[in-house]
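Peer 1: The residues making up each chain are set out below.
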Amino acid sequence: MSYGPKIIDHYENPRNVGSFGTQKDIKERKDIGVGLVGAPECGDVMQLQIKVNPQSGVIEDAKFKCFGCGSAIASSSLATEWLKGRTLDQADEIKNTQIVEELSLPPVKIHCSVLAEDAIKAAITDYKKKNGMPVEDHDHEEAAH
Amino acid sequence: MALQLPIYLDHAATTPCDPRVVEAMLPYFTKVYGNPGSRNHAFGWKAEEGVDWAREQVAKLLGASAKEIVFTSGSTEANNLAIKGAAEMYEKAPHGSGQCRGHIITAVHEHKAVLDPCKRLAKEGFDVTFLEPKADGVITAEMVKGALRPDTILVTLMWANNEIGTINEVREIGALCHERDIVFHTDATQWVGKMPVDVEKDNVDLLSLSGHKFYGPKGVGALYVRRRKPRVRLVSQQDGGGQERGFRSGTLNVSGIVGLGKAAEIALSEMERDAARLSKLRKRLETEVTRQLDVTQVNGHAEKRLPHITNISFGFVEGESLMMACKDIALSSGSACTSASLEPSYVLKSLGVGDELAHSSLRFSLGKWTTDEEIEYTIKSVVTAVKKLRELSPLYDMHNEGIDLSKVEWAHH
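Respectively, the protein sequence lines represent chains H and E. Taking the numbering used here as reference, the numbering of the first sequence is continuous, increasing by one, and the terminal residue is 145. Taking the numbering used here as reference, the numbering of the second sequence is continuous, increasing by one, and the terminal residue is 413.
Mixed in with the good hints, there may be bad ones.
[As the list claims (entries may be wrong)] Below, in silico cross-link-like pairs of lysine-lysine (DSS-like), each with a Cα-Cα straight-line distance of 27 Å or less:
(1) Lys27(H) x Lys407(E)
(2) Lys84(H) x Lys129(H)
(3) Lys134(E) x Lys280(E)
(4) Lys84(H) x Lys95(H)
(5) Lys63(H) x Lys388(E)
(6) Lys95(H) x Lys30(H)
(7) Lys6(H) x Lys387(E)
(8) Lys84(E) x Lys119(E)
(9) Lys51(H) x Lys388(E)
(10) Lys387(E) x Lys283(E)
(11) Lys387(E) x Lys280(E)
(12) Lys123(E) x Lys27(H)
(13) Lys388(E) x Lys6(H)
(14) Lys327(E) x Lys388(E)
(15) Lys218(E) x Lys327(E)
(16) Lys63(H) x Lys387(E)
(17) Lys84(H) x Lys388(E)
(18) Lys46(E) x Lys84(E)
(19) Lys51(H) x Lys30(H)
(20) Lys388(E) x Lys24(H)
(21) Lys24(H) x Lys84(E)
(22) Lys6(H) x Lys327(E)
(23) Lys327(E) x Lys407(E)
(24) Lys63(H) x Lys407(E)
(25) Lys31(E) x Lys46(E)
(26) Lys407(E) x Lys24(H)
(27) Lys130(H) x Lys46(E)
(28) Lys407(E) x Lys30(H)
(29) Lys129(H) x Lys407(E)
(30) Lys283(E) x Lys134(E)
(31) Lys128(H) x Lys123(E)
(32) Lys407(E) x Lys283(E)
Simulated from the structure, these hints should not be mistaken for lab results.
Let's have the full structure, built from the sequences with the hints guiding it.
Peer 2: As structure tokens, then:
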């Protein structure tokens, strides 16, 4: 698979790699929302974590980890860049097609962008649930596609 | 010699042509250009001499006689001719009679060039048993014995597997077939030219080989067809001018055939030395990679394997991204995830390698000119790449936190 320069750049220098603690820790932290989508046997698992300021509702920090191909890594790396500084509502507006466009993903890799959008939605939903906020019913929640 | 990048470790896909092979071929393009089928003039006779010489070389490599060699365009064609040709020749009931035309035995982790002809025959009235290997990948004579039926007419099993390099019990399976007058075909594409063949002792009736897998040119191969004890007959699959004693019509690829002959001649004198050297290098690669990385396994039987092929699974990293990280090394991924399909390798799956490991597998195949330095560089690159990708991998984190990944409810997509 030959990739464009933006995918290669994100793959070689992934932004915001990491997590805000162990799986157990972050489950208990109310300021963190986690989206874990995909499955190992499908060859892609994305984990996106957002750290939200409870007063302003702005995403202050975002981190990812990804098991997947170069496109999946680039899509989730890009997602963390876009998430930082947005409000939850603004974050909710990120569409997979924007990721496809920004990274020039090849057609066979569109599913990676869909997975990234799912991860964003799942992280937002997780944060809202933890904080007793109303949750919209997303089609994409839990990576159902 | 300084290390040259990129490094080629995909010799199971194809090999470079030996310069001695190219040299032997060259006159046959511009000087000896006759058609060996032209019996009336020197141009034809000269070309035929070249073909005859090549036929002798290939026969010698197999312990066969020259008359038993049928030149083809490669292994795929040889497999098709052997499998379809034998099935049609030895059928128990005619096509369209509604009765089972005969029983064929093969295995699920064969190459597509064997599986697909078998599947076609299954559609056309034959019964096909697809044996399933155990975790070591080896098909044993016992497994074949257990699948035999009174109407079994053909057993087709590869000598060594292209993806994992494991070796089947060819000699024993051949003996079993000969006791029962069943035709035994082996796709020996990965074996020939690397390891010794003696069609008599190995009890083989039909054997496919391909030139470009052992430093010959692409587009040429051969089918060995046993002529005595027993004489094996085939229904030809390509009709025309009756070349190759009617088994395979079409003007001979003289330069290619001469190249194949030269490759066979070289292999016979050099394979023992090459195999010993490559076996050491391969083991060094396997040992170091599995020593330096946790949750890493070599797939298939540890001893019953080719000297130059290994297939290694790296837990918690994905194959394509791993290949991207090792971009200076030409490798093959165990996963087909670069295509639209998300299916991991059917060969690894048949060994019971879990999907998540099958996605994280690489095939390394070494060749005649692979150096110690190249293997040291490869070890270093692969270990660095896996460590880097594991830093990115949520699965490796979960594994280290003691979470059982098989118990997580994944959102399948």
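Peer 1: Now look at each hint and say whether the structure bears it out.
Peer 2: Cross-check of the supplied hints:
Restraint check: the Cα-Cα separation between lysine 27(H) and lysine 407(E) comes to about 18 Å, which is no more than 27 Å; the hinted pair holds. About 20 Å separates the Cα atoms of lysine 84(H) and lysine 129(H), which keeps this hinted pair within 27 Å; it holds. For the suggested pair lysine 134(E) and lysine 280(E), the alpha carbons sit about 26 Å apart, so the restraint of at most 27 Å is met. Among the hinted pairs, lysine 84(H) with lysine 95(H) is consistent with the structure: their alpha-carbon atoms are about 16 Å apart, no more than 27 Å.
Taken as a hint, the lysine 63(H) and lysine 388(E) pair is honoured in the structure, with Cα atoms around 16 Å apart against an allowance of 27 Å. Proposed proximity of lysine 95(H) and lysine 30(H) is supported: the alpha carbons are some 26 Å apart, at most 27 Å. Distance hint between lysine 6(H) and lysine 387(E) is fulfilled; the C-alpha atoms sit about 23 Å from each other, no more than 27 Å. Under the criterion of a C-alpha separation no larger than 27 Å, the hint pairing lysine 84(E) with lysine 119(E) is consistent with the structure, at around 11 Å.
For the hint pairing lysine 51(H) with lysine 388(E), the CA-to-CA distance comes to about 25 Å; that is within 27 Å, so the pair holds. Proximity of lysine 387(E) to lysine 283(E) is assessed by CA-CA distance (about 21 Å); at most 27 Å being required, the pair is judged to hold. Using a Cα cut-off of 27 Å, the hinted pair lysine 387(E) and lysine 280(E) holds, with the two alpha carbons roughly 25 Å apart. Annotation: proposed proximity of lysine 123(E) to lysine 27(H) is violated, straight-line Cα distance about 54 Å (limit 27 Å).
About 19 Å separates the Cα atoms of lysine 388(E) and lysine 6(H), which keeps this hinted pair within 27 Å; it holds. Only pairs whose Cα atoms come within 27 Å are accepted, and lysine 327(E) paired with lysine 388(E) is accepted, the gap being roughly 14 Å. Among the hinted pairs, lysine 218(E) with lysine 327(E) is consistent with the structure: their alpha-carbon atoms are about 25 Å apart, no more than 27 Å. At most 27 Å may separate the alpha-carbon atoms for a hinted pair to count; lysine 63(H) and lysine 387(E) meet this at roughly 19 Å.
The straight-line distance between the Cα atoms of lysine 84(H) and lysine 388(E) is roughly 24 Å, inside the 27 Å bound, and the hint therefore holds. Distance check on the hinted pair: lysine 46(E) and lysine 84(E) sit about 34 Å apart at the alpha-carbon level, beyond 27 Å; violated. The hinted pair formed by lysine 51(H) and lysine 30(H) meets the criterion: a straight-line CA distance of about 9 Å does not exceed 27 Å. With a C-alpha separation of about 24 Å, the suggested pairing of lysine 388(E) with lysine 24(H) holds against the 27 Å cut-off.
Between the alpha carbons of lysine 24(H) and lysine 84(E) the distance comes to roughly 59 Å, so the proposed pair goes past 27 Å and is violated. Under the criterion of a C-alpha separation no larger than 27 Å, the hint pairing lysine 6(H) with lysine 327(E) is consistent with the structure, at around 17 Å. With a C-alpha separation of about 34 Å, the suggested pairing of lysine 327(E) with lysine 407(E) is violated against the 27 Å cut-off. The straight-line distance between the Cα atoms of lysine 63(H) and lysine 407(E) is roughly 25 Å, inside the 27 Å bound, and the hint therefore holds.
Of the supplied pair hints, the one linking lysine 31(E) and lysine 46(E) holds, its CA atoms being roughly 10 Å apart against a limit of 27 Å. The hinted pair formed by lysine 407(E) and lysine 24(H) meets the criterion: a straight-line CA distance of about 16 Å does not exceed 27 Å. Restraint check for lysine 130(H) and lysine 46(E): not satisfied, since their Cα atoms lie roughly 85 Å apart, outside the 27 Å limit. For the proposed pair lysine 407(E) and lysine 30(H), the alpha carbon gap of about 25 Å is at most 27 Å, so the pair holds.
Distance check on the hinted pair: lysine 129(H) and lysine 407(E) sit about 23 Å apart at the alpha-carbon level, within 27 Å; holds. Of the pairs offered as hints, the one joining lysine 283(E) and lysine 134(E) holds, with about 22 Å between alpha carbons and a cut-off of 27 Å not exceeded. This hinted pair does not check out: lysine 128(H) and lysine 123(E) have alpha carbons roughly 56 Å apart, beyond 27 Å. Restraint check for lysine 407(E) and lysine 283(E): not satisfied, since their Cα atoms lie roughly 35 Å apart, outside the 27 Å limit.
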